[in-house]
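Participant: Sequence:
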Amino acid sequence: MLVMDAITEILKREGISTLFSFPTTPIIEAAVAGGMRPVICRQERVGVHMADGCARVT
1 MLVMDAITEI LKREGISTLF SFPTTPIIEA AVAGGMRPVI CRQERVGVHM
51 ADGCARVT
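Counted the way the numbering used here counts, the sequence shown spans residues 1 to 58.
FYI, nobody ran anything at the bench for these hints, they're computed from the structure. Mixed in with the good hints, there may be bad ones.
[Said to hold, decoys possible] 20 Å max Cα-Cα, derived SDA-like pairs, lysine to any residue:
1) K12 / T58
2) K12 / G35
3) K12 / P38
4) K12 / D52
5) K12 / I40
6) K12 / A33
7) K12 / I27
8) K12 / R56
9) K12 / I28
[To be verified] Pair by pair, the computed Cβ-Cβ distance ranges are:
10) H49 / E14: 18 to 26 Å
11) E9 / C54: 18 to 26 Å
12) P23 / D52: 18 to 26 Å
13) G53 / P23: 13 to 21 Å
14) A55 / I7: 16 to 24 Å
15) L2 / R56: 27 to 35 Å
16) G34 / T58: 17 to 25 Å
17) F22 / A55: 17 to 25 Å
Even glycine gets a Cβ: it sits at the ideal position worked out from N, Cα and C.
Please build the complete structure, drawing on both the sequences and the hints.
Facilitator: Next up, the structure:
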């Protein structure tokens, strides 16, 4: 098991279903393979606000 796969498993166990990430992060592929929904963000600050908004709504 790769570290990316372990991170994906831990996130899923914590109930996280969506991953907000910068496009060049290799964990995106592991998250998709693990059944998570990736959301690609072009800037880090935008991703932070998107994740915050998603957490507040759900």
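Participant: Hints first: check each against the structure and report whether it holds.
Facilitator: Hint by hint, here is what the structure shows:
1. K12 / T58: 16 Å, holds
2. K12 / G35: 9 Å, holds
3. K12 / P38: Holds, because 13 Å separates the two Cα atoms, which is no more than 20 Å.
4. K12 / D52: Distance of about 18 Å is within 20 Å: holds.
5. K12 / I40: 18 Å, holds
6. K12 / A33: Given pair K12, A33 holds - Cα atoms ~12 Å apart, limit 20 Å.
7. K12 / I27: Measuring from Cα to Cα gives roughly 13 Å; hence the hint holds.
8. K12 / R56: Holds: K12 and R56 sit about 19 Å apart, inside 20 Å.
9. K12 / I28: 14 Å, holds
10. H49 / E14: 18 to 26 Å: 21 Å, holds
11. E9 / C54: 18 to 26 Å: 21 Å, holds
12. P23 / D52: 18 to 26 Å: 20 Å, holds
13. G53 / P23: 13 to 21 Å: 20 Å, holds
14. A55 / I7: 16 to 24 Å: About 19 Å separates the Cβ atoms of A55 and I7, which means 16 to 24 Å holds.
15. L2 / R56: 27 to 35 Å: 32 Å, holds
16. G34 / T58: 17 to 25 Å: Cβ of G34 to Cβ of T58: about 19 Å, so the range 17 to 25 Å holds.
17. F22 / A55: 17 to 25 Å: 18 Å Cβ-Cβ, so the 17 to 25 Å window holds.
Of the numbered hints stated above, none is contradicted by the structure.
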